[in-house]
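Chemist: Chains as they are written, first to last, in our numbering: chain A, 1 to 222; chain B, 1 to 667.
Keep in mind that the hints were calculated from the coordinates and are not lab data.
Some hints could be false.
Below, computed lysine to aspartate or glutamate pairings styled on DMTMM-like, alpha-carbon distance capped at 20 Å [as the list claims (entries may be wrong)]:
| hint | chain 1 | residue 1 | chain 2 | residue 2 |
| --- | --- | --- | --- | --- |
| 1 | A | Lys184 | B | Asp636 |
| 2 | B | Lys567 | B | Asp534 |
| 3 | A | Lys38 | B | Asp134 |
| 4 | A | Lys184 | B | Asp634 |
| 5 | B | Lys567 | B | Glu659 |
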Amino acid sequence: MSATVAREFGDPNRVGGSRKLPPTWVVSGRGEGGPAPKRIVTGYGFWIFLLSDIVMFSAFFATYAVLVRATAGGPDGKQLFDLRNVAVETGCLLASSFACGMASIAVHQRNLPRFLLAMAVTALFGAAFLGLEINEFAGLVARGAGPTRSAFLSAFFTLVGCHGLHVTAGLLWLLTMMAQFVAKGFRADIIRRFACFSLFWHALDIIWVALFTVVYLLGAGT
Amino acid sequence: MLGKLTWGAIPFDQPIPMVASAVVALGICGVLATITIKGWLPYLWREWITSVDHKRIGVMYTLLALVMLLRGFSDAIMMRSQQALAYQSPGYLPPEHYDQIFSAHGTLMIFFVAMPFVIGLMNFVLPLQLGARDVAFPTLNSVGFWLTATGALLVNISLVVGEFARTGWLPYPPLSEITYSPGVGVDYYLWSLEISGVGTLVSGVNLVTTILKIRAPGMSYLRMPMFCWTALASNLLIVAAFPILTATLSMLLLDRYLGFHFFTDDGGGNVMMFMNLIWAWGHPEVYILILPAFGIYSEVVSTFSGKPLFGYRSMVLATMAICILAFTVWLHHFFTMGAGADVNAIFGIMSMIIAVPTGVKIFNWLFTMYGGRVRFATPMLWSIGFMVTFVIGGMTGVLLAVPPADFLLHNSLFLVAHFHNVIIGGVLFGAFAGYTYWFPKAFGFRLHEGLGQAAFWFWITGFYVAFMPLYVLGFLGMTRRMQHYDIPAWHPWTLIAAGGAGLILIGIGFQVAQLVYSIRHRAELRDETGDPWDGRSLEWATPSPPPAFNFAFLPNVQGEDAYWGIKQRAREQLRMSELPDYQPIEMPRNSPTGFICAFFATLMGFALIWHIWWLVALGMVGAFATFVVFAWRDEDEYIIPAEEVARIDGANRALRLAELTHAEQPA
Chain A
1 MSATVAREFG DPNRVGGSRK LPPTWVVSGR GEGGPAPKRI VTGYGFWIFL
51 LSDIVMFSAF FATYAVLVRA TAGGPDGKQL FDLRNVAVET GCLLASSFAC
101 GMASIAVHQR NLPRFLLAMA VTALFGAAFL GLEINEFAGL VARGAGPTRS
151 AFLSAFFTLV GCHGLHVTAG LLWLLTMMAQ FVAKGFRADI IRRFACFSLF
201 WHALDIIWVA LFTVVYLLGA GT
Chain B
1 MLGKLTWGAI PFDQPIPMVA SAVVALGICG VLATITIKGW LPYLWREWIT
51 SVDHKRIGVM YTLLALVMLL RGFSDAIMMR SQQALAYQSP GYLPPEHYDQ
101 IFSAHGTLMI FFVAMPFVIG LMNFVLPLQL GARDVAFPTL NSVGFWLTAT
151 GALLVNISLV VGEFARTGWL PYPPLSEITY SPGVGVDYYL WSLEISGVGT
201 LVSGVNLVTT ILKIRAPGMS YLRMPMFCWT ALASNLLIVA AFPILTATLS
251 MLLLDRYLGF HFFTDDGGGN VMMFMNLIWA WGHPEVYILI LPAFGIYSEV
301 VSTFSGKPLF GYRSMVLATM AICILAFTVW LHHFFTMGAG ADVNAIFGIM
351 SMIIAVPTGV KIFNWLFTMY GGRVRFATPM LWSIGFMVTF VIGGMTGVLL
401 AVPPADFLLH NSLFLVAHFH NVIIGGVLFG AFAGYTYWFP KAFGFRLHEG
451 LGQAAFWFWI TGFYVAFMPL YVLGFLGMTR RMQHYDIPAW HPWTLIAAGG
501 AGLILIGIGF QVAQLVYSIR HRAELRDETG DPWDGRSLEW ATPSPPPAFN
551 FAFLPNVQGE DAYWGIKQRA REQLRMSELP DYQPIEMPRN SPTGFICAFF
601 ATLMGFALIW HIWWLVALGM VGAFATFVVF AWRDEDEYII PAEEVARIDG
651 ANRALRLAEL THAEQPA
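Same shape as in the complex, but just chain B:
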């Protein structure tokens, strides 16, 4: 009846996961109880869960990322403290638990923190920057989000019911084959990524179409803000790379469930084919993450320097060059596999070449700041911190791209230090910069500046204290994923690294405090004008938060930095553009399709993991029924009457006019 699922699946004998999951369960129950008692459920259902508004979906993606960041970070703290304690001792985490922790940490941080964070910011910002009212496929957008949430849910269920993979964040065979990993851990990994992978693909298709087909009049490609370009490159990579992940994981599933021989030791299976396939997705994936972050830095640096982005066209070229080169370097993840000197040399050279466009970008940001009036607000601090940190990470990357050096450093802590250097210093800092930068746009009030700066300083010093020792440990020969060790020379460095993780914890504490403080003092921090940073692109032309339709009338774009031009004209002439002729606006209706799809996907995923076949069938029928019901709907749009549009836009114009006349007063 319940397949492989028995009471034995719940780890009653292991205190750490039981306590952790009890705390999480209490938290969830508490939140649900509060929502029910306060009667917020209908509001949440109507305004958020069923929303197809790209701004709401973007916020939900970001929220998912922030919550999962806490979960992934608690794994990180456990690993660092285990390695600090496990010198000539078993530490406090038994090997089978430690292995699950580093696997879950990597999986969560890449797929359920970094990915939803950048996708959330792209979702929120892109239509606003492009001067569009919505994305190309609003309901699909919601489906994509909820499928991502399903994946995250399944990974977290594995904490309580069963186990997670012990294979590392990429389940290399033959270890991940059923012979060596007979438990459900790898299945949890595979199904959660298959499901969330579909969500990511859907989101990629949606955003590519949005950027290429739905832009305001006059918004030609070379007038798009830099963030739109990097988002385009990133989403093109999603469309081209995620199907490879889906195919590869499907093959491993077929091996595990039906006895196929893709990657097995016997029957002619080819283990190295898995490495090639997974990295043919995996390397583009790192650019999927970093390119939107590059876009955020471009927006932030240009805004806070009060200058147009230096070398806009070279930035576009560099972005698209990275987009293409991303597919030509995957083999550098396994130089040691023995492909031969020629192959290794080619991929080594390609990997060094990809550093060139990245260098172009760094110089462009520096030259944007040069001669500008730089304001050191929190988003700008994250950006400058990134520039310094990322250059170090880039250089260790070029070092690893040299095959002979890689033979010495492969799978050592040097590698771990390198990719944390670029992912934390690149993706995460960028996501935090974007989060602080666009927060007032999303909610209508700013985040507290002082707490944000404190968070930044703890994060960046914590980062250096935690990860620079890992470079040293790599040179000292310490391999990654060690549960315990007995080399005296390593111990001081692991202790320092644990201290660094503690500093980052304080940084996260400041971020939580910043959010709580800012919500409580939102009246003082309110953004009245919709343009709190003196911005340059179209999202700052809308009020904060923007109305459902974003733009009362589509802006007519006449150059780069579209909003800056409009603002300058208004400042020179001391008047706003003429009152437009408001038209009724057609907007997509809310739909529970995404949520219901995710419900059935969760059922199906769980049933497949535990071999509960009747539930799988039920889930499939449910999914098809949802599809038909959705296809059968008669009205998927509603009309906002012209008077309503005029009323909402009138308020926005009045505020802007007040600011304009206020700015005109002599100081």
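The following block holds chain A by itself, in its conformation from the complex:
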């Protein structure tokens, strides 16, 4: 069976390739190659979930774009946004993602102390980001610019807050992951789960890049 698969399909990575391959060579999970291994299935499924999450964010983005001028006589982005604070937030999030990448390498190397260190750094930067965001929100509410002030602020708090909730959930997940690696070691299913976590953490960065641009840069500039 594997021989026929290889003969019919060839190397998918080779342009125009149908070179004869060794009979043991099977492209599983695609075309006619039979079911994919668990690592692929888990990662693939999680990607699909992330895409759906991004669709949800896009609904909040669209809402924000519709309501951005609906300030109901209240303050607009130009009066409210502090780009320096946002720059520090962005730095924290990017540093956290870098540390998460280091944790991935540590998992590859099966190096537990290095993994835990990298995850702790990831968590610290993530928590710092959250702290800054909560501080920003509290400041806005104290100035009378809370989410109930205007439709613009409702949309702002919901969009940015939804990202913040994702970071919070990610932190809970991160701590659970650390505990799992300590308790169970580098088991295949836990490594798969970590791959999903790392996808999630990086996807939050992608969302943040859009947030940073659409909400803060465009908002403070106009």
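We have chain A already, so just place chain B on it with the hints.
Modeler: Relative to chain A, chain B alone:
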């Protein structure tokens, strides 16, 4: 302590909901008592509630849909009889109750009948057709089902404790805002759909991954049965559309609970944004429902005509075209909002274009039947009934897609007739066809043919008698959701429509009788071979009911209509394929995670509706604890030894061989 919840929440003064809920409560107590007395609880817990087997979960989804169909239909009977009686009189349902009934009817029928029905059939059939042993994420699958059940439970709790929304099945603001709907009705609606929406999304992610990543060797995309293709399109739509529903309902919740201004009249809120967002989900939703039904018709028509599906590739193209176009027509639900002639024209044209791939499908089914040996069994009757009925519904749909016509017909009973025409004649008939078609696969015995045909004839005549008058009433200017009226010209038509609902009731009666009769006479109706209809796809290669692992060895697919090819080769050579080298099989262990998640989700949903904040916190902690405990498990799989696999498969092969040699005997 209990938030807004007091004894006043229970409508002691209203006889209809009290009697109805008393009957339901008695029914539930009766069922629970029987289960406990007979000692079935451990069996149910072990084999069904905690099961992560896609076949069991599919059956449970379908069962949920059938039970909710009865509930939703009783609402329908009440509405039709109210409108029949309410000519120059208040009828028997007061407005605030009537409004809850039409809202609950729509919500139940779409979210807790049509959705679980098609998801249940997809869950049951897909891995079998793909030649797979299970879905991609079995435990998540169970979580998805139980969250859907939670949503259904919350809607039904609203019958007794508090009230349901009075806003229609889509809670348009500003009516649904806290200013105009201060009660808990809208909150029941919102939380039950938020929770079941998560369940649907989980199921969508799971099935997309299953179709794209877990197929038998040789099962390339263009060898997949049509049902797999339409299920793929439907689940892609779930993944792309349901997050929009979640976001939109969350915004309405924030408005209601925390005083935000998304859709309010004041503070810069934008009411029309709700219509756009909800229909950006809502229009794909109708294709989420109809596409799997199209797949079922394709399987049924091809099997019962004894021919491969005509125009397979054009069918695939049409399906994927619908999948994409589904996102480009949402504005036709509110042409009257005043977006302007250009915008309306674009969306009108897009809506007419989407009828083209649907027409392609109709012709493909007709050409599949052409020249075939058509067997008019019950699933085929539903399919032919669908083809006739759906074409009428499609044409009234194209009529509504013309903006000037829509301005006259918007929110009239013509619209109500149109969408019942396509949802009953399309989705529900398809679900019934699939239910009859795959029932023997699921349980090992057929449904009684005569009772099924009687049910079909009552359903279809009932449908025409109930809904054709609604088209007329729409032209006569009757708007939807009227609790009473005093126009003499309308009255005869509402009477006829009520008669039609009565005919459908008889049809449902025959379906219940069919189920009861078939279970009692299951020995005569037994499906010995696993292939009762002379089927063409891989699910018929397994015994009925299939073993937990579906396939003892993964089939090697060599063309379209995978099982037909295997069967033909066996018939020509008068022997089975060679005895395979059986290997031990790894299967996922049962898990109560789904049930426990749903338990906490129910607590949380109820607490959020009634503002019982400590219970909300408790529910959240419980949900997180469940997550951690599930993540901490060490063994999530068990091994079925090769000898056991060989024993089970040996029995299947013996039966098939007997059939083969039997068929060879000269007549």
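Chemist: Run every hint past the structure and note whether it holds.
Modeler: For each hint, the structure was consulted:
Pair hint Lys184(A) plus Asp636(B) holds up; C-alpha atoms about 14 Å apart against a cutoff of 20 Å. For the proposed pair Lys567(B) and Asp534(B), the alpha carbon gap of about 9 Å is at most 20 Å, so the pair holds. Between Lys38(A) and Asp134(B) the CA atoms are separated by roughly 12 Å; this keeps the pair inside 20 Å, and the hint holds. For the hint pairing Lys184(A) with Asp634(B), the CA-to-CA distance comes to about 9 Å; that is within 20 Å, so the pair holds.
Taking the CA atoms of Lys567(B) and Glu659(B), the gap is near 11 Å; set against the 20 Å cutoff, the hint holds.
Checked against the numbered hints listed earlier, the structure breaks none of them; every hint is satisfied.
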